Amino acid sequence: MNIAGKEQIIDIEKLRKDFPILSTKVHGKPLVYLDNAATTQKPNAVLDVQNVYYREQNANIHRGVHHLSETATFEYEKARGKIKNFINASDSKEVIFTAGTTAGINLVASSFGRTFLNSDDEVIISAMEHHSNIVPWQLICEERGAKLRVIPISDDGELLLDEFEKLLTPRTKIVSVVYVSNSLGTINPVKKIIELAHHNGSKVLIDGAQAVAHTKVDVRELDCDFFAFSGHKIFGPTGIGVLYGKAALLEAMRPYQGGGDMILSVTFEKTTFNDLPYKFEAGTPNIVGGIGLGAAIDYVNTIGIDAIAEYEEELLVYGTEVLQQVKGLRFIGTAKEKASVLSFVLDNAHPHDIGTILDREGIAIRTGHHCTQPVMQRFGIPATARASLSFYNTKEELDILVRGIEKVKEIFG
Amino acid sequence: MSEVNELYQQLILEHNKSPRNFKKLELFTHDADGYNPLCGDHYHVWLKLDGDTITDIGFQGSGCAISKSSASMMTSAIKGGTIAAAKELFEKFHSIIMTRIGDPIPEEKIEELGSLGALAGVREFPARIKCASLAWHALNAALTNSEKAISTESGTI
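In order, the protein sequence lines correspond to chains A and B. Adding 5 to a residue's 1-based position in the first sequence gives its number in the numbering used here. Adding 118 to a residue's 1-based position in the second sequence gives its number in the numbering used here.
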């Protein structure tokens with residue numbers, strides 16, 4: 006597919022062939038996969054590297070002196086280097102492998118919290134956070150006697166920056182906000198948020214789960230203190246993720262979990278912790294996951310994240326246009342800056358019923374509260390139907406979505 | 119589309135549009151909440167018992183067509199009957215919607231359910247079975263005077 010009026014940036018039909026699942030059928034219909042905010046599909050490059058690892062390289066890392074262990078260690082650490090370059094961290098030791106975004110946020114909440122949060126300190130999150138960027142902070146605030154503050158959002162689903170500035174006080178130790186909202190699609194002005202927070206002397210964690218596959222991330226340009234994301238939302242395997250953190254901060258923080266790999270020496274009297282990033286990587290990690298994520302990042306780099314962002318923006322504009330014409334459809338999340346997410350409700354049909362009817366047409370969307378119940382409460386709705394895009398989606402698929410919604414309307418009136 | 123149409127039968131759509139007993143009871147003896155944390159569906163069920171008889175019943179809340187029509191039909195079916203009859207109906211309903219796809223269900227078993235038989239097709243949609251049983255679990259919680267809100271994820275469905 007060519008991008009209208011421009012030179013062909015990416016050949017979608019060719020790229021779709023890299024993803025075996027995209028040519029499968031669901032209920033006898035060609036799969037139209039529009040649930041990319043939940044998880045993305047995996048290209049052959051990622052599938053193959055995992056297969057090769059288990060068939061030819063499998064060993065535990067960082068300890069064996071034998072050939073396989075050295076190979077596995079080399080591949081795993083090479084993947085860390087790829088991630089470092091992808092997010093433009095200054096050093097691989099700032100790239101901590103985790104189980105995913107949730108694990109990364111929990112690591113920071115727990116470790117930063119137990120090191121720096123004291124009674125009556127404050128943590129700021131926003132009203133559009135995923136539960137994974139709410140609950141860990143509630144838990145640590147309760148434990149440390151700190152208070153949780155919430156930046157409100159507008160009817161369009163945009164953060165109210167004026168209100169954010171009012172919430173910043175000398176007690177604000179950390180601000181933890183989402184880059185791209187999974188339920189609204191809003192791209193938050195994180196650079197501005199980071200500037201304001203730093204001016205106030207507060208640290209900032211960015212939940213980048215929905216951002217990394219859709220927009221260029223440069224942690225040094227953003228100047229964020231922490232950045233968490235998941236491998237499976239950027240065409241990598243599940244169960245692997247990354248927490249970026251500034252080295253000085255990570256060094257000052259107490260460890261999160263104890264175990265093997267995170268120590269230099271252990272006696273019953275005293276344990277000396279390992280250097281970064283291993284201090285935060287207790288136990289045998291998800292080795293194949295890390296290698297798979299490295300392959301996913303290589304794959305994204307071959308297309309180019311800027312080309313992906315440009316094509317997805319065109320898809321989003323097209324999807325917004327065609328869905329807008331559906332009578333009785335209302336978008337939830339109409340921010341000026343949006344990425345990849347089309348969240349909506351229909352008159353007369355509950356999102357769950359929309360999801361079931363679309364499923365029988367081969368269309369996969371997500372329905373429900375998207376783990377953002379406070380967002381649903383903010384908009385006074387129980388749930389939304391959400392189509393979320395990736396670069397392998399096409400305008401034709403969005404047309405199929407619209408026809409599917411018309412079928413929902415035939416049934417529900 | 120035939121499969122979807124089998125799920126969304128006219129009776130279900132009609133109960134969804136105009137749910138029966140969709141009201142809060144001012145005078146009640148038992149009540150309970152039912153949540154499905156996976157999708158956010160939520161109903162509250164109120165009961166007025168006179169001895170063993172359910173003299174009045176109401177429900178409110180929000181959810182999909184399957185959960186709402188199931189709640190509506192449930193209230194119609196058990197209002198005026200005994201607790202034992204309501205529990206027996208729940209057992210029958212539950213066993214029908216939990217019947218594995220492909221296993222035959224005798225026609226008379228569906229007929230026994232009355233209008234609730236319209237929901238038998240939900241078994242073909244495993245992700246939606248919890249929708250169909252949500253209000254029933256709230257009813258069960260209300261009848262057993264459980265203090266806690268009942269969740270579709272808190273036990274066997």
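Derived by calculation from the structure, the hints in this document are not laboratory data. Quick caveat, the model's predicted, so the values are computed rather than measured. It is possible that some hints are incorrect.
[Unchecked claim] Okay, the calculated beta carbon distance ranges per label pair: (1) A:125 / B:146: 53 to 59 Å; (2) A:148 / B:205: 41 to 47 Å; (3) A:31 / B:206: 34 to 40 Å; (4) B:223 / A:161: 47 to 53 Å; (5) B:244 / A:265: 27 to 33 Å; (6) A:35 / B:141: 44 to 50 Å; (7) A:323 / B:155: 51 to 57 Å; (8) B:156 / A:262: 39 to 45 Å.
Even for Gly, the Cβ is constructed at its ideal location relative to N, Cα and C.
Taking the hints in turn, this is what the structure says about them:
{"no.": "1", "hint": "A:125 / B:146: 53 to 59 Å", "result": "violated, 44 Å"}
{"no.": "2", "hint": "A:148 / B:205: 41 to 47 Å", "result": "holds, 44 Å"}
{"no.": "3", "hint": "A:31 / B:206: 34 to 40 Å", "result": "holds, 38 Å"}
{"no.": "4", "hint": "B:223 / A:161: 47 to 53 Å", "result": "holds, 49 Å"}
{"no.": "5", "hint": "B:244 / A:265: 27 to 33 Å", "result": "violated, 41 Å"}
{"no.": "6", "hint": "A:35 / B:141: 44 to 50 Å", "result": "holds, 46 Å"}
{"no.": "7", "hint": "A:323 / B:155: 51 to 57 Å", "result": "violated, 35 Å"}
{"no.": "8", "hint": "B:156 / A:262: 39 to 45 Å", "result": "violated, 29 Å"}
Checked against the numbered hints listed earlier, the structure breaks hints 1, 5, 7 and 8; every other hint is satisfied.
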